[in-house]
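K.L.:
If you want the building blocks of each chain, they are given just below.
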Amino acid sequence: MEMSLFDNLALGFQTAVSLQNLAYCFIGVFIGTLVGVLPGIGPLAAIAMLLPATFTLPPVGALIMLAGIYYGTQYGGSTTAILVNLPGESASVVTCMDGYQMAKNGRAGPALAIAAVGSFFAGTVCTMLIAVAGPPLAEIALKFGAPEYFSLMAMGLIASAVLASGSMLKAIAMIFLGLLFGIVGTDVNSGMSRFTFGASGLADGLSFVVVAMGLFGFGEILANLEKGQDAKGRDLLTKKIEHLYPTWQDIKVSAGSIVRGTSIGAFFGTLPGAGPTISAFSSYALEKKMAKNPEQFGKGAIQGVAGPESANNAAAQCAFIPTLTLGIPGSGTMALMLGALTIQGIAPGPQVMTQRPDLFWGLIASMWIGNALLVILNLPLIGLWVKLLSVPYRLLFPAITVFMAIGVYSVNNLDLDIYMTVFFGLMGYLFLKLKCEPAPLILAFVLGPLMEENLRRALLISRGDPTVFITRPISATFLALTVLLLVIMLAPSFRKKRDLAYQEPAAS
Amino acid sequence: MKITSQENFWSGVMFITFGLAAIFIAQDYPFGSSSRMGPGYFPTWLGIILTLLGIAISVTGFKVQGEGIGKFAWKAMAFLSTAFVLFGWAIDRIGFVPAMFIIIFLAAAGRDFRIKEVLVSSIVLVIGCWALFIKGLELPFPLFWWR
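Chains as they are written, first to last, in the numbering used here: chain A, 7 to 514; chain B, 5 to 151.
For reference, chain A alone in the conformation it holds in the complex:
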């Protein structure tokens, strides 16, 4: 039965506005913002930490809450960026630039408000985009065979390496390392245990929560302890935030930035492998170029907040497109979402939309509601968030450590998981020291078993002939795009631009 967009959205809102699901959405957004405000816990670690709390919920509720946590952290990150010049997560590094300057000029209110408005606009557009583009994409995806899936994943992985900050060669090596970690455990075809070193706890493979929590939670705490985060950057704005509302002039100036930021974010978000951080950086670079007052950038230009904030939220939202329609996560965070689905007994992929329409459309509707809640929630609660920031890190990190440990342990009740988290935590710290970006690794870790399985199937059909990947048109297109990405990346002029995009806000 063919359902129209309207019917779909109606079903979604019906699901999402049930009292229970609204409550999950609210809790998710609230906790997400809370965690986002705290420095040193990014969205990924936050979701990993709170994943066990959703095990007992029904699937729709669990997913709605996790999604709420996800964009809550994104938003919480920008709040601290503006108020105390501390990016709560990597995508809000850009927001610090002009947001904090605005706050210093006594315009914290308008900065926060425009960030909220921009994010809400981006969220609304992307919710619509998912609703419109989702079904046809899922339809196409149903026609994909093993070679297409393999090539698509290859493209996503290479994109994640190309768009990561730092050395691309290292990022690509991290992909292969991630693929290797991904295939630890029992091989589904032969039943053979691989790389388990005889540990029965590894038979089901390394747990995603363990790897994510180690790399992004544990490693991050070490990095913060090393830096001595209490000492610097914590110049709290004690001034009372007066005018909350932006002036008419502010809105006029930022409207274009919000629209451009949203488009950039939607593009990068949909592309598997790219994400909020690159979107925010690109948007900042573009706004600076477009502005009539480029010399104001870095001194409190409102476009420098409006554009990146919209881009970052749009990307966060649109990352759900490949995740939900193709069953291929575009980022580590999305991989966690898929993990949550699997734990709930739902096989992720294009069939989710037809088999569980309430879940799919309920989630989409709840995204919009979540965005609205963020606007309503954040502005009045700013005082509370600021107070939270005055808690010194030495009190905070033992608490974070405890939550991480309980979170990891509660997944399987296995002490081995805790020991493995330590291993990946130390690895994460080493990666940080060696300037190896962990984001491509975590994506590859998730895709590892999928890639092996699809490679095996593709080569089985073609009787071992590898040209199958370039003789099938869709697969060939994905591979051509992958090569193109690499070629563009190797071109010195683009390389310079990418490095600039990442450096610019840091330098000025």
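In case anyone wonders, no lab produced these hints; they're calculated from the structure.
All residues carry an ideal CB built from backbone N, CA and C; glycine is no exception.
Where hints are given, some of them may not hold.
[Unchecked claim] Just the calculated beta-carbon pair ranges, DEER-fashion:
#1 387/A - 17/B: 44 to 52 Å
#2 496/A - 147/B: 56 to 64 Å
#3 486/A - 29/B: 52 to 60 Å
[Unchecked claim] Taking lysine-lysine pairs in the DSBU-like style, the calculated list, with each CA pair at most 30 Å apart, reads:
#4 233/A - 393/A
#5 120/B - 233/A
#6 393/A - 120/B
With the hints as your guide, set chain B onto chain A.
P.N.:
Leaving out everything else, chain B in the frame of chain A:
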């Protein structure tokens, strides 16, 4: 030959180590053929590519100028790791409450330890986590060693 980028050189070494280990271990698994991939096929190829990439990356360690690796926070590493490991050992053997105290005290000892503060915050945390995880989410952890 002088290493100009410590971070590139050593990350290359790290990738080579993992790559060679993967190739070596994967020799125990049947390789199969392209049309019928055995369990050793994929990891062997991953290991080979990883090793080659590692070599290329270490070579850049002699060419590009790096910022250096800097000091490791050994003390924090030791305390945090021990805290975690002991928590994992303790939670099922001597219970949730003692495991919580162990992890909080050891983690806090990683940097400017203030005994009174840690005592207060650990009691608050234990009660909070008990209410949230054991009462609220009904996670099946024993509270103490006697149950």
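K.L.:
It remains to establish, for every hint, whether it holds in the given structure.
P.N.:
We went through each hint and held it up to the structure:
1. A beta carbon spacing of about 48 Å between residue 387/A and residue 17/B agrees with the range 44 to 52 Å that was offered as a hint.
2. Range check, residue 496/A to residue 147/B: about 59 Å between beta-carbon atoms, so the 56 to 64 Å window is met.
3. A beta carbon spacing of about 35 Å between residue 486/A and residue 29/B contradicts the range 52 to 60 Å that was offered as a hint.
4. At most 30 Å may separate the alpha-carbon atoms for a hinted pair to count; residue 233/A and residue 393/A meet this at roughly 22 Å.
5. Between the alpha carbons of residue 120/B and residue 233/A the distance comes to roughly 24 Å, so the proposed pair stays at or under 30 Å and holds.
6. A hinted pair counts as satisfied when its Cα atoms are at most 30 Å apart, and residue 393/A with residue 120/B qualifies at roughly 22 Å.
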